[in-house]
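J.: Residue-level listing of the chains:
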Amino acid sequence: MKRAHAIAQRVPCPVLGCGIAARGLCAGYQGRTVLSDVDLEIRPGELLAIIGPNGAGKTTLLKALAGELAPKAGSVRLFGMGGEREVARLDLAERARAIARVLQSEDPAWPLPVRDYVAAGTFAATGWFGAPGQAERRAVEEALDTMDLRDLAHRPVTELSGGEFRRVLIARALAQRPAVLLLDEPAAELDLARQTDTLGFLKALAAQGRAVAFTVHDLNLASLAADRVALVAGGRLAAIGSPREVITSETIFAAYGAAVLVGDHPVSGLPQVMHAPSWLLADEEDLHG
Amino acid sequence: MRAKAMTGETAPTEAGRPRRAGRRPLSAPLAAAIGLFAFTFALLASLCLGAAPIAPRAVLAALAARALPGHPLFGAADPVTTTIIWELRLARSLIAAVAGAALGTSGAVLQGLFRNPLADPYALGVSSGASLGAVLAIAIGIAPPLARSGGVEAAAFAGAIAAAAIVYAVARAGVRTAPTAALLLAGAAVGSFLSAAVSLIVSLNDRDLHRVFFWLLGGFGGKSWGELWSALPPAAAAVGLAMLLARPLDLLGAGEEAAASLGLDVGKTRFLAVAASSLGAAAAVSSGGVIGFVGLIGPHFARIIVGPAHRRLIPASALAGAALLALADALARSVAAPLELPVGVVTALVGAPLFLRLLARDRSGAWR
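Residue numbers (the numbering used here), protein chains in the order written: chain A, 1 to 289; chain B, 1 to 368.
Calculated from the structure, these hints are not laboratory results.
All figures in this text were calculated on a predicted structure; none of them were measured in a lab.
Just so you know, even glycine gets a beta-carbon here, dropped at the ideal spot from N, CA and C.
Any given hint might turn out to be false.
As the list claims (entries may be wrong) - Cβ-to-Cβ under 10 Å is the rule here; a few derived chain A residues that face chain B:
(1) Ala119
(2) Arg172
(3) Ala238
(4) Gly241
Claimed, not checked - Computed list of chain A residues with no C-beta within reach of chain B, every gap over 12 Å:
(5) Glu142
(6) Gln208
(7) Glu250
Okay, chain B solo, but in the shape it has when bound:
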């Protein structure tokens, strides 16, 4: 009765307003099923694609041969195929997936912190920091004892975290600018400074230009299980930390002042969000170089499927990022086989037009 009284007295300004029933988000189990299916599909597809395509059935047989020895689930496996899958492709696909999950999570967290769907995991200068670390390791040989065992990756990871820490410290020291805006400004400034340093070192050291160039464009060529195990812990930590931030990020969506009045410690949230996103971006960048668009487009896909609530958006962004990057890496190594394209080129060439198309067609309200 009362409800009628309230909504019945429609003012003229509201009567003319188109009323669409809000699109209900998918139920949680259905969304999870869709996400896992898409991820599994992408991973299998990436195992099939490569310099020599392998039929899906043979891939499954090869996987079963080692995962479930003695249970020829998909028929007898060819030993060569089994070796290719297990020694070359599986680890590489999984690294791409882990890096993609880290980028997707990192993007979702930063977008939540900045209240803006256009924030990118590299907004805090993480990619430039990682590049500087990697370039120092490659060109100057700053880490020769480690060079054989992931020295470049370690240097990139350290550079990424150092850049984010500098950006955070500078933004915190600022008094006159709102801290969150200061983060973005400091990120841009520190990022360009570090990029300039990278260019400087590269132009003084053109001997390793090719290696540096390939690293800067991103790629998973030659990566194996060892790199997977070193990328996994920081990526998992980033996803776990991001999940703890789900509710605070929902609150931040109302604005920092409102979130604070609801009892949220905004400063602590900001620190943890920067930590989670930097950890994720550092894990990705140190394992595969600077790969654009995954951290932007992964959360966007996720938002279309599961809606904007962070408790669902964060795992969905991780899955979407993982699926996207595993597929992009498969494309990178198969499109011009035996030549291998940098995966960053693929994500940008495919991702940017797709992104623009989504942007132009979006009616879901995810962008408003």
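Looking at chain A on its own, in the form it has when it is part of the complex:
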């Protein structure tokens, strides 16, 4: 947490205290509803983990919360700026200044230097014709510093490792100076150290007053890092609450159909999930009985 503290001191956060709230949200694509009746709030200062089986609609939920997918029913509102605003009504630039979404992966077409790639985050602030002003340039430099990319600033993005590129993507989102930060699988394909590093960053960014949500497959990471956990399964929000409330062998079995044991983390006491497949436990008593 020393690192998180260091970040908290370094990054100024111009729009604090904004969060996002979905009410009765139904989201999906042409002729296909993926999620219905989602009531969910991402509060300023909190880190929310979104878990759920493959194809449950975690990414769809993020897109809908980001306003990139218009709700089929219900609403998504930005709150805390002295009022509420419907995200679907914001124009593209307003939206990108309030909410940043980090995609799971990107395939950059050109070997742009890291600094230029991160500077794309200021597009919403400058628009088509404006040149990046001092505030935007400072936002870029701060984002580079926050994500430890100063040494890589001139490196072409196409030559980075997976972990480095993930940091570039988060830095670009920070250059948007968003109040709400939504990340799709930020820990995927990273090694152990980089997973915890990334989640440490997210905790620190949330601690500054941003509303941060991320999707994650690793339930143990979700439990250790997040303030609250939202479980998406069966086309709806199956559970939301503290890790202790959501991550139980019953809810996990109901959502994933996987038998698991849930124990306590030896230091923090937070719930940790262990696989309990039938081939291991053939002789044991029924775990769920």
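Given the coordinates of chain A, assemble chain B onto it according to the supplied hints.
T.: Same frame as chain A, but now just chain B:
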């Protein structure tokens, strides 16, 4: 301290990875100086070359004679040389340069839109549309009142813009295909349809075959100041529009979904990119016929020199295209003098092997 902690914990998979320091792009003034020098050199060289070669000094003297009358900067000018330079070669070299700049810009914009360095200014059927317009004007005489004053060029320009508009409209109407991919597919289909129409008209009208043939292969023979003034406005508009698209095209490099989440109106960008590139390609094709490879190789050279950021790539592609086409036209009229080769033949004969060589040797990462 923290930086060390992050980069020091190198995972095994990353330790084995060769780490080259990224090649920093040249500073902007240096890159601009190199580009302008190359362009000036190419233009002067194209003025020296021709049916009768003229010494560089005599060319400069002839240029100075009319540009700065009364200031014999490079010595006394020969009146015949002055006439050749000013009445014949200068306008023609400048038209070639303008067409080259338009093609280079057009290529850079389409490559940015399609996120692919292999996209060509003619990918949207612009060349076939222009050919059909020109062939209609030549073979059927669809524009007889205009025939003396650039009727063929006007018909080619109209055909080029019409083809691009059809391609754009078809791609927009498609629901199931991603719009940008649909543009490429519609471009290919419309292009082959229009090319077939050109072949049909030519085979039914073999009387003007030679003229049509020469037009299809590209050339600036007999072009003068009048054609320059009609090619310049659309070419300049294309370059200007492309410059406005520099930042949006950089964003598109991250992918359309990412660009949209950063606040870019992708649909508007797509429309403007199609407009800019079609305008440029139409300006080039209507002034010099179908000239290949310049729109492909110009941006590639530019990318090697100034890097991939579009705010530098677009002007650099324009300069590179201008220099390349001015030189190619000079070669076309001097290699087999007094016979004049179609310039499209020169760009393809020289450009294709050069392109393949660059492709095979490239280590700059411009292709990845």
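J.: Decide, holds or violated, for the assertion that all CB atoms of chain B are farther than 12 Å from the CB of Glu142(A).
T.: At about 14 Å from chain B, Glu142(A) clears the 12 Å cut-off, so the statement holds.
J.: Does Arg172(A) hold up as a contact with chain B if the rule is Cβ-Cβ below 10 Å?
T.: Constraint on Arg172(A) satisfied, holds at 8 Å.
J.: Does the claim that Glu250(A) lies off the interface hold, with its Cβ farther than 12 Å from every Cβ of chain B?
T.: 36 Å, holds
J.: Answer holds if the nearest beta-carbon of chain B is closer than 10 Å to that of Gly241(A); otherwise answer violated.
T.: Since chain B brings no Cβ nearer than about 29 Å to Gly241(A), farther than 10 Å, the hint is violated.
J.: Ala238(A) was flagged as interface toward chain B. Is the shortest Cβ-Cβ separation under 10 Å?
T.: 27 Å, violated
J.: Is it correct that the beta-carbon of Gln208(A) has no partner in chain B closer than or equal to 12 Å?
T.: Given that every Cβ of chain B is farther than 12 Å from that of Gln208(A), nearest at about 17 Å, it holds.
J.: Interface hint check: Ala119(A), Cβ to nearest Cβ on chain B, cutoff 10 Å. Holds or violated?
T.: Nearest chain B Cβ about 8 Å off; hint holds.
In the structure shown, a violation is registered for the earlier hints numbered 3 and 4, in ascending order.
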